[in-house]
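These are the residues of each chain, in order.
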Amino acid sequence: MTNDKNMNRSVIHVDESPFPLERLRQSLPNWLKRFLPVRGGRAEDHHGKGMFGFTVFLLSESIVFLSFFFTYIALRLTHSKNWLPPGISGPELSSFVIINTVVLLSSSFVIQPAENALKHHQLKKFRWLWLIAICMGTYFLIGQGIEWRNLNFGLSTGLVGSTFYVLTGFHGLHVLTGVILQIIMLVRSFMRGNYNKGHFGVSATTLFWHFVDVIWVFLFSLLYIWHA
Amino acid sequence: MTHDFSEPLAEDIEPETELENNWRQYLSFSTDHKVIGVQYMVMTFIFFLIGGLLAMLIRAELITPASNVVDRPLYNGLFTLHGTIMIFLWIIPFNAGISNYLVPLMIGARDMAFPLLNAISFWILPPSGILLLSSFLLPNGTAQSGWWSYPPISLQVPPGQPINGEFIWIVSIVLIGISSIMGAVNFVTTIFWMRAPGMTFFRMPVFVWSALSAQLLQLINLPALTGALILLLFDLSFGTQFFKPTENGDPIIYQHLFWFYSHPAVYIMALPAFGIFAEVLPAFARNPLFGYRSLAVASLGIAVVSIFVWVHHMFTSATPGWMRMLFMVTSMLVAVPTGVKAFGWTATIWKSKLHLETPMLFAMGGAAMFLLGGVTGVMLAAVPFDLHVHNTYFIVGHFHYIVFNTITMAIFAAIYFWFPKITGRMYAEGWGKLHFWLTFIGANLTFFPMLPLGLQGMVRRISSYEPRYQGWNVIASLGGFLLGVSILPFIANMVGSLLHGQRAGNNPWLATGLEWTTTSPPPRDNFEVIPVVRRPPYDYGDPKYSVIEPPDYHQAEH
Ligand code: HEM
Ligand SMILES: [Cu+2]
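Protein sequences appear in the order of chains A and B. Last residue of the first sequence: 228 in my numbering, with the numbers rising by one and none dropped. Last residue of the second sequence: 786 in my numbering, with the numbers rising by one and none dropped.
Excised from the complex, chain B in its bound form:
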């Protein structure tokens, strides 16, 4: 154990370890936001493993130029389900899970606004995910048109089979979408209505701001995808013609609706990650978060701008010139609030004495990788460049720098950071560091080669390629397998520490958020007494503030 700034570990205090005594509640229909949060996180992690397994198969296929491991339809199914699972069953619901756990604690609430709805939102997910996976068993396999499911390709299913992979794909994504919308209603209401007395908007941690922004995007944009998928389903199975070019329909309309959601979706995934950086970096730099207000407002700014950029995914879809220019400009505008964020993180850790424990390593690694992901993103927003690399591995490299190297790393940072709070125990630092370095090296080995490959013209979504691309592909595949291995120390660490880890105490990192003022794990209603908030959220370093005042508020009417 190497934390040099921890308070004495409370060996003698036996916290209410519901986790140990009462593991069954995690398999039950609980309405406790903490239980639901853990349920989300564990379930999505299982899907992450499945999605990762599919990625390993893809990489195995791509290690040689010929198509020799899986056949073409199966390959299509692999990248389609890999992408779908990673987005709709890993990152997005994981963020819902960690927000579920943290938001009520961070704003000083006893639970989410609508606990029953919360449980329903969660329990929609496992059946939807199983349904999606079950399509592997269909005679014609899963959906094959990628996670975009663009018509007309997605409508080209074998005749005479009403229940096909595409049908199942649409139904499960609609179900997952319904779950997300209900979750978003719950989050937005919780953040507006359940804050403890004195918790004004500008006393909310940046993580809460990020969650709020992300959930607002879910509310405003996700229904457009749901609408599009309903129309697609009717085209597929009930003979309508909305998107069928052969029968007067128009597939471009689908693209608009799809990207109207799916561009903001990258921020639905990324904003909580940014929020995690804003919690972890100050805690391990022992510095107040630099520019708290601008970081908070930047979250909303990113959300708002991201609503108006979707056409940058359609530069090659016969989009008129004026529209291309317009959306090129708006896309580049996103760089402004995003730059504010990156500046804030850097200034927070600037010239401070860093405590490089696992959460901090993951947070710094993720934030650093975001640089490359962001820069390649701005490059792609430039129309001429995008026309050049459209549908090549450059795109794949870019978004994996975001979704894996930034967001998934941030998720790991969050898991390590709040593990003591959630379980009441510490994880093993050595294993954590091993996990970090394997992940960091593996991720860069896997995804960096995709950038030069794309620039050289290797097209994505193909199972065989010209031999001249093999060099980089071998590196990427080996990196991919390394990533696969890197998950083992993580699992070992989590399971081992859960059972035998050292007692963590309430606030092992001496962090300042409200969630650290209650026990680890927190009791059923989170706080003995609802705290009254009188301080901004990041008081690191100021001795006057280093301990949050004992709550003196008693809810008057009770």
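One chain only, chain A, in its complex shape:
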């Protein structure tokens, strides 16, 4: 059965070594060979092909974010004086924001075990962990909505408003996409025969979620920490 073969391929077998660096050294060539096939004739590995394409797509996405970061940093450096219009204090590093951030970032540590569980055919465990991740993502979105409502500036309030809303808004759109993808995957796991097709969708969603988290680390540092 091709399905089972794909399943095995997506697990990298290395001699387990206790040292992470040593494990990396052992698995890297292995991983590279899988990720960048060099001799051709690999098209049947649908999971590998899909993950490769998706990673390449995320590379592209990260450049859109980079262009926003670049704009933010350049404006911030050259317009630090009139950054805040009179009477506006800008986004605040409140405990509310910090909790929101902690929830979002820790969801990565929930979704990864979920994916692993599916890899090992532990369907029930997968569903539970996956559901928790969905809740955490939704919590973040709602939190951001509340924060937006309580801020004392708007989209057109100087550079601070322009940058804050567009950057967090664009990121929020990605979180929303991620949550929707997660919900679709959860629903699919209840439909017969779907969850074990190399579960490309689940792996891709997990990767996307990590991506959204990493972007948030940068956004958080730029928008809140730099500001404080």
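Calculated from the structure, these hints are not laboratory results. One should not assume that every hint holds.
Said to hold, decoys possible - Computed footprint of chain A on chain B; a stretch qualifies when at least three of its residues, placed anywhere within it, have a C-beta under 8 Å from a C-beta of chain A: (1) 454–462; (2) 723–733.
Claimed, not checked - A few chain A residues facing chain B, derived, Cβ under 8 Å: (3) L32; (4) L36; (5) P37; (6) G40; (7) S60; (8) G158.
To be verified - Derived DEER-like restraints, expressed as beta-carbon distance ranges: (9) A/H210 / B/T544: 39 to 45 Å; (10) B/P387 / A/F96: 50 to 56 Å; (11) A/T55 / B/E756: 29 to 35 Å; (12) A/W83 / B/P380: 17 to 23 Å; (13) B/N368 / A/G87: 32 to 38 Å; (14) B/P380 / A/G87: 22 to 28 Å; (15) B/S692 / A/G169: 40 to 46 Å; (16) A/I142 / B/S692: 58 to 64 Å; (17) A/F96 / B/G467: 22 to 28 Å; (18) A/G169 / B/Q730: 27 to 33 Å; (19) A/I142 / B/E475: 28 to 34 Å; (20) A/T55 / B/P695: 57 to 63 Å.
C-beta atoms are modelled at their ideal positions from N, C-alpha and C, and glycine is treated no differently.
Starting from the known structure of chain A, arrange chain B with the ligands on it as the hints suggest.
The following block gives chain B with the ligands in isolation, referenced to the frame of chain A:
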């Protein structure tokens, strides 16, 4: 018919002419990369005609010094949409189309990596193009700030009209960009993952290398433009201030992001053209491609260097001196891999017996014109010279030598070269040659005068000019109309040959690429059996290699 090295034309073999029996599939949502490729090529050609029509209007206006054919806003709209269409709806998507057709065939794959995504990428384009054109109908007309759409000019739209030409311009370019990014994901994955057994990287044709390099640039650079346009759209319509100098914003940031894409974009357009030269020149010189490996690697080299040169478009944008020097040097560095390419082409045809059929004429004409385009480019990279001719017709002359005289000629070479493969029929050689000579003469008459005009100081993007510039302008306009006429024999040839052309057989040019080993047109899955590749790609002249081994590989697991 004048091919002296063709195999006996396979009159008796009736190839599966899907094209004749099943033309409807070209209007449908097909996931076959060959159908999608043809869809791209035909659609972009229609946009080429529209863009050309706009150019004719521009040239009509410029035949006299006064502004008397169109009014000023319409003139602005004409050059804006002409430039936009030619770049975003002709050359770039045409390259996506021909790559779509050829890449899977050349690497021995049955299709692209993600066929459904491929179809979606294509079908985003026609609505985007129609949307863009529809802005002619708006009360204030189309966008007017040129294909750069620099703020603050692009933000100066009439108040009270949220849906204006600029808005539509941005939306359609973002959509076209999304299509290109999805296409790039597909190409890169295809080239990495779908190669036939034995098709190592250094057995890939140079065209595939060029397509890979171009698509990597799309992936890495295009999102920066998309980001910039999203911010511009917010400035335009939702009251943000990123690029508004009157409200603390900074238009220079837009310029950086714009050129971070749009300089590499010239290589996204040019690299596939270079790839076409590398396929056509050896085939008609009957010589192996000279320096195959260096040409392959040079494609990537050009791509990498071109990422680091964008500031040469901003020498006059209050750029600090050290930055100017830095980017002047990197810009001139591009000449190195580019020189490798030009050297390789020359050495390939050096002292060989040339077969001057239409594809070869276009390829040689294009490669020769690239000399002038490239030299003027290196001149422009020199800061003092650029300051002198900035925003004059010298620039317009330079980039048309690249985009028309080199790239569009290469595209014609490709169309003639692969026409037999795509349709199963031969085109008419006489008409092809007529098309070539009209184009070649017309193009030089049109674009050469722009160089002296620029040196004399004629500014671009103006509808009226001082009378002393008229002489050269008349020549350019007449050349432009000649170019307009030159397209007629081409269309006649394509349509006529499609319907009545002689049967072509699998490999009318006796070329060596994998795409010539399958039928013309290829069957739905490209190859009866996926070939196993054991040879480098350009074996011309070596009798041992002149026929590719019959495939002996059966996919084990199926
Ligand atoms: C069919 C023959 C063509 C003719 C007669 C022609 C003519 C012209 C003219 C007269 C201008 C106005 C220059 C100015 O005022 O700045 C122009 C601009 C331009 N053309 Fe063409 N062109 C042709 C083909 C092409 C092609 C194939 C491309 C492909 C990329 C192209 C890209 C551009 C661009 C980007 C601009 C600049 C528009 C701007 O200033 O915003 N043209 N062309
Ligand atoms: Cu440039």
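How the hints compare with the structure:
Counting residues of the stretch 454–462 of chain B whose beta carbon lies closer than 8 Å to any beta carbon of chain A gives 6, which meets the minimum of three for the stated coverage. Only when three residues or more bring their CB closer than 8 Å to a CB of chain A does the claim for the stretch 723–733 of chain B stand; here the count is 0, and the claim is violated. Nearest Cβ of chain B to the Cβ of A/L32: about 12 Å, over the 8 Å cut. The hint is violated. Below 8 Å, beta-carbon pairs count as interface contacts, and A/L36 has one with chain B at about 6 Å; its hint therefore holds.
Interface restraint check for A/P37: the shortest CB-CB distance to chain B comes to about 6 Å, inside 8 Å, so the restraint holds. Taking 8 Å as the C-beta cut-off, the interface hint given for A/G40 holds, the closest approach to chain B being about 3 Å. Against a cut-off of 8 Å between C-beta atoms, the interface hint on A/S60 holds, since the closest Cβ of chain B lies about 5 Å away. Annotation: interface hint on A/G158 holds; nearest CB of chain B at approximately 7 Å, less than 8 Å.
Range check, A/H210 to B/T544: Cβ separation about 43 Å, and the 39 to 45 Å hint holds. Between B/P387 and A/F96 the beta carbons are some 39 Å apart, a value that contradicts the proposed interval 50 to 56 Å. Against the hinted window of 29 to 35 Å, the Cβ-Cβ separation of A/T55 and B/E756 comes to about 33 Å, which satisfies the hint. The given range of 17 to 23 Å is respected by A/W83 and B/P380, whose C-beta atoms sit roughly 20 Å from each other.
In this structure the hint that B/N368 and A/G87 lie 32 to 38 Å apart at CB holds, the actual value being about 37 Å. A beta carbon spacing of about 27 Å between B/P380 and A/G87 agrees with the range 22 to 28 Å that was offered as a hint. Checked against the given bound of 40 to 46 Å, the beta carbons of B/S692 and A/G169, roughly 45 Å apart, stay inside it. Remark: the range hint 58 to 64 Å for A/I142 to B/S692 is upheld by a beta-carbon distance near 59 Å.
For the pair A/F96 and B/G467, the beta carbons lie near 27 Å from each other, so the given range of 22 to 28 Å is met. Range check, A/G169 to B/Q730: Cβ separation about 60 Å, and the 27 to 33 Å hint is violated. As the Cβ distance of A/I142 to B/E475 is approximately 32 Å, the hint placing it in 28 to 34 Å holds. Taking 57 to 63 Å as the suggested C-beta distance range, the pair A/T55 and B/P695 conforms, at roughly 60 Å.
The structure does not agree with the numbered hints 2, 3, 10, 18 stated previously, though it agrees with the rest.
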